[in-house]
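Engineer: Take the sequences, apply the hints, and build the full model.
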Amino acid sequence: MTTYKRKPTKAEVRRERLEEVVLYPLDWLEERSGLIGGIRYFLFRNVPSDINWMQTLGSAALTAFLVQAITGVILAMYYTPSAATDPHTGQPVAWESIDNITNHLTMGWLVRGMHKWGASVFIILMFLHMGRVFLFGAYKYPRELNWIVGVLILVMGLMEGFTGYLLPWDQTAYWASVVGINLNGTAPFLGPWLAQFLRSGQEISGETLTRFYSLHMLLIPGAIIGLITLHLYLVIRLGVTSPPWSKEAAGIEPSENGSGPLRPGLTRPVPRGAAAQADGGSK
Amino acid sequence: MEPEQPSPDTEQESLHEEAHLPPPTLWPIGFAIGIVLILVGLIINPELISSIGAVVAIVFGFLWFRDATAELRGEPVVVDPERRDLVQAGAGRTAPPADRQGVAPVNVPETTVTRSRFLEGATLGLGGLIGGLITIPVAGFAILPGFLGQKEHKVDLGPVSTFPLGKWFIATFVTDPVEGEVSRRTAFIRNNGVVTDPSTNQPTPSFTIISNRCAHLGCPVQANGPQGSLIGKSLKEHTANGPLELIPAIPAGYGCPCHGGQYDTEGNRTAGPPVRALDRYSFEINHGRLVLLSTYSVAKVVGTGAQAQIYKYKQYGPGQHVDGPEAWFYPLSPPMHG
Chain L
15 MTTYKRKPTK AEVRRERLEE VVLYPLDWLE ERSGLIGGIR YFLFRNVPSD INWMQTLGSA
75 ALTAFLVQAI TGVILAMYYT PSAATDPHTG QPVAWESIDN ITNHLTMGWL VRGMHKWGAS
135 VFIILMFLHM GRVFLFGAYK YPRELNWIVG VLILVMGLME GFTGYLLPWD QTAYWASVVG
195 INLNGTAPFL GPWLAQFLRS GQEISGETLT RFYSLHMLLI PGAIIGLITL HLYLVIRLGV
255 TSPPWSKEAA GIEPSENGSG PLRPGLTRPV PRGAAAQADG GSK
Chain F
4 MEPEQPSPDT EQESLHEEAH LPPPTLWPIG FAIGIVLILV GLIINPELIS SIGAVVAIVF
64 GFLWFRDATA ELRGEPVVVD PERRDLVQAG AGRTAPPADR QGVAPVNVPE TTVTRSRFLE
124 GATLGLGGLI GGLITIPVAG FAILPGFLGQ KEHKVDLGPV STFPLGKWFI ATFVTDPVEG
184 EVSRRTAFIR NNGVVTDPST NQPTPSFTII SNRCAHLGCP VQANGPQGSL IGKSLKEHTA
244 NGPLELIPAI PAGYGCPCHG GQYDTEGNRT AGPPVRALDR YSFEINHGRL VLLSTYSVAK
304 VVGTGAQAQI YKYKQYGPGQ HVDGPEAWFY PLSPPMHG
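So the protein lines, in turn, are chains L and F.
Counting in our numbering, the first sequence tops out at residue 297, every number present.
Counting in our numbering, the second sequence tops out at residue 341, every number present.
It should be emphasised that the hints constitute simulated quantities derived from the structure, not laboratory data.
Not one of these hints is a red herring.
Quick list of in silico lysine to any residue cross-link-like pairs, SDA-like style, CA-CA up to 20 Å:
# : chain 1 : residue 1 : chain 2 : residue 2
1 : F       : LYS154    : L       : GLU221
2 : F       : LYS317    : L       : PHE203
3 : L       : LYS21     : F       : GLY77
Negatives, chain F to chain L, calculated, CB over 10 Å:
#  : residue
4  : PRO27
5  : ILE32
6  : ILE36
7  : ILE46
8  : GLU123
9  : ASN204
10 : LEU238
11 : THR242
12 : VAL305
13 : ALA309
14 : LYS315
We put the beta carbon where it would ideally sit given N, CA and C, even for glycine.
Structural biologist: And the structure:
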């Protein structure tokens, strides 16, 4: 509450009351969940001052994923994953529903286009982000685990591309999946089993389509969301790395007692050099 | 007893200051009863009961709103004093020191399972058991149907007499009418005439029936050479699996459009990435009609037509070796019917 030296004007009083009304629900939520503070901490945490534009590639990839998730949910409202033949037109039902989305439904062309081209954007941004992390050396101790989580997200993203490619159920989709699944089948020992699991049988059928649909829209996105959560948790916990040319990070010394800060849950002292690295983000 | 006792813990005190506990109130219950009356009234008597319900809901809703916003409007908040016996409420007791929290008292022997240990074990054990009981059938359902109960399809291709001796035909047919167009397959068929079966010494018809699935990654191989209306009329038949078209062809071999694999007319690989010869269909003659059965894999074919010596293997997926040291990589193949 602001203290006034003079008597507050009516407008000031009204403004103060309004602020209180706006803040009341936020305080209510904060008091019961701590969520407001958590979100503020996440959004407004400190990062190194010499941070680089290249370090926005990760959140760009996250945005691309969110676009895929949202457009995908909408597309699922109109798409039918059925290999059956429509008796009226003689065309497969799945292909017809894609045709309907693209050519007949209002703005269907736009949302499907966003999903189709956004898929490539997502993959490209993941690779660019990966390149940035590699060139900045941001995969080094203590962030190795986050590199591994990132690789898993990349693999899941590629699997999304593979399973999504079959869904239009046209000649390209069918034969690309034939080749892709058989390629998996040539892996030694378990390859043939993996291929048959993907096909749900020895030949591509309607069951393959529904299986790919389920994997594409439920299982793999769920896994990606979980992995992104872990990825972000580690980014927040470990902080953001300075660019490799950073003078600021180069000047940071471990704490006075010489062993570096002990992190809770760590059973051994952090090595001297690594402590500077680990702490670089939070300073 | 004094209802107010000064707490020695300042942290506790500041926490108490922070917490905005609303006083207990009965107004929400009255509000809920009003809503219920409205809904019940809608069924029984909308004019009377719903009106009463609306009045109740509005009155109690207003009282509840007034109560809930009392603090915001700057009215004094009435907090009920603690009414429990203070000893019962935990007054005077102190928490164990930080390093002793959750640690069993000293006089308990180490071998004894404490209550908390038991609960930890029970939670993990029961949780694992329940998880396993759910996961096993679900995972089985996700995986097994693709491996078990694979059907063998029989495809009727019409009377044997349809196929002139030594001529090639391209046949496309639906292997499973229930599955529909997605089960459409193509085979290259040549009638080799009648030969004497070496095992029974009976005369039996011989056919060369080559699957068009490339042995590289399963693309559709095409006949290299003139075909269709260039060289003759297509034969049309009606079979149990629907309409069937036999297109005449004079192949000099077969080629795959995807990655350039090439084969000779017997299906032997001549160039490109395929790892073996083209698969073939086994067949039977049923009441004078040619019936396709499952496919099998072929390493190579020596000779041609009825005299050909076929190096037969059970059905493997495209790209998988059936002979040579590379075949060691595929020791166990999933159940297949070709």
